[in-house]
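Listed below, chain by chain, are the residues.
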Amino acid sequence: GAVVSQHPSRVICKSGTSVKIECRSLDFQATTMFWYRQFPKQSLMLMATSNEGSKATYEQGVEKDKFLINHASLTLSTLTVTSAHPEDSSFYICSAHRPDRGGTYEQYFGPGTRLTVT
Amino acid sequence: DAKTTQPPSMDCAEGRAANLPCNHSTISGNEYVYWYRQIHSQGPQYIIHGLKNNETNEMASLIITEDRKSSTLILPHATLRDTAVYYCIVRVVAGTASKLTFGTGTRLQVTL
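Read top to bottom, the protein sequences are chains A and B. Going letter by letter, the first sequence gives residues 742 to 859 in my numbering. Going letter by letter, the second sequence gives residues 20 to 131 in my numbering.
It is worth saying that the hints were derived from the structure and are not from the lab. Heads up, a few of these hints could be off.
Stated by the list, open to error - List time: in silico DSBU-like cross-link candidates among lysine-lysine, alpha-carbon distance up to 30 Å:
| hint | chain 1 | residue 1 | chain 2 | residue 2 |
| --- | --- | --- | --- | --- |
| 1 | B | 88 | B | 71 |
| 2 | A | 807 | A | 782 |
| 3 | A | 805 | B | 71 |
| 4 | A | 782 | A | 805 |
| 5 | B | 22 | A | 782 |
| 6 | B | 118 | B | 71 |
| 7 | A | 761 | B | 71 |
| 8 | A | 807 | A | 755 |
| 9 | B | 118 | B | 88 |
| 10 | A | 807 | B | 118 |
| 11 | B | 88 | A | 755 |
| 12 | A | 796 | B | 88 |
| 13 | A | 796 | A | 807 |
| 14 | A | 761 | A | 782 |
| 15 | A | 807 | A | 761 |
| 16 | A | 755 | A | 805 |
| 17 | A | 805 | A | 761 |
| 18 | B | 118 | B | 22 |
| 19 | B | 118 | A | 796 |
| 20 | B | 88 | A | 805 |
| 21 | A | 796 | A | 755 |
| 22 | A | 796 | A | 761 |
| 23 | B | 71 | B | 22 |
| 24 | A | 782 | B | 88 |
| 25 | B | 22 | B | 88 |
| 26 | A | 782 | A | 755 |
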């Protein structure tokens with residue numbers, strides 16, 4: 742099946758620094774990728790939709806200047822958490838849409854990135 | 020997308036069938052029922068989806084009521100590795116990408 746990878750799987754950074762998370766579709770091209778955030782014992786919350794070659798669409802309440810998304814190629818989207826604070830500590834998950842599969846197996850999820858801001 | 024309601028938690032003995040219910044009383048005619056699961060600290064995994072007919076694959080069966088207002092995911096022989104949070108999602112399937120809206124899901128605990 743289709744595989745989506747994320748890098749890094751776990752990252753610890755200091756407050757005020759920026760962190761970049763990569764999401765790659767390994768065996769298919771993804772024109773659309775999604776970024777989710779999940780706090781402990783909570784469900785996944787969609788942060789933004791990343792479209793190759795155009796600006797990302799952010800969900801209400803998500804600061805686009807803080808969470809920078811770049812989808813420069815059909816296999817890579819990046820999420821940069823700028824000026825990270827402890828409250829940004831969370832599990833970040835991406836998914837990639839495979840357009841040639843229509844309504845079957847549409848979204849493939851990455852394994853997630855655990856961000857801890859100290 | 021229509022809202023879904025699931026019990027917060029369920030237990031199941033290993034080897035027995037796990038039946039996970041989902042209510043989606045406001046589902047529209049063009050919305051599909053999808054099931055995903057999330058094992059602890061991993062990304063969600065697709066299980067199955069359907070529109071109005073019952074569906075079965077190597078992982079599970081999906082039973083959708085005739086009025087489509089509820090459905091049941093069946094894991095026929097649950098194992099310890101099936102312990103996870105199971106999400107029922109209803110969504111329109113269009114030609115272009117459409118986002119998934121996750122609810123709180125059902126935490127299934129499979130025990131010996």
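Hint-by-hint comparison with the structure:
no.	hint	result
1	B:88 - B:71	holds, 10 Å
2	A:807 - A:782	holds, 24 Å
3	A:805 - B:71	violated, 39 Å
4	A:782 - A:805	holds, 25 Å
5	B:22 - A:782	holds, 20 Å
6	B:118 - B:71	holds, 21 Å
7	A:761 - B:71	violated, 42 Å
8	A:807 - A:755	holds, 16 Å
9	B:118 - B:88	holds, 21 Å
10	A:807 - B:118	holds, 22 Å
11	B:88 - A:755	violated, 48 Å
12	A:796 - B:88	violated, 37 Å
13	A:796 - A:807	holds, 14 Å
14	A:761 - A:782	holds, 24 Å
15	A:807 - A:761	holds, 12 Å
16	A:755 - A:805	holds, 21 Å
17	A:805 - A:761	holds, 14 Å
18	B:118 - B:22	holds, 14 Å
19	B:118 - A:796	holds, 16 Å
20	B:88 - A:805	violated, 37 Å
21	A:796 - A:755	holds, 28 Å
22	A:796 - A:761	holds, 17 Å
23	B:71 - B:22	holds, 17 Å
24	A:782 - B:88	holds, 28 Å
25	B:22 - B:88	holds, 11 Å
26	A:782 - A:755	holds, 24 Å
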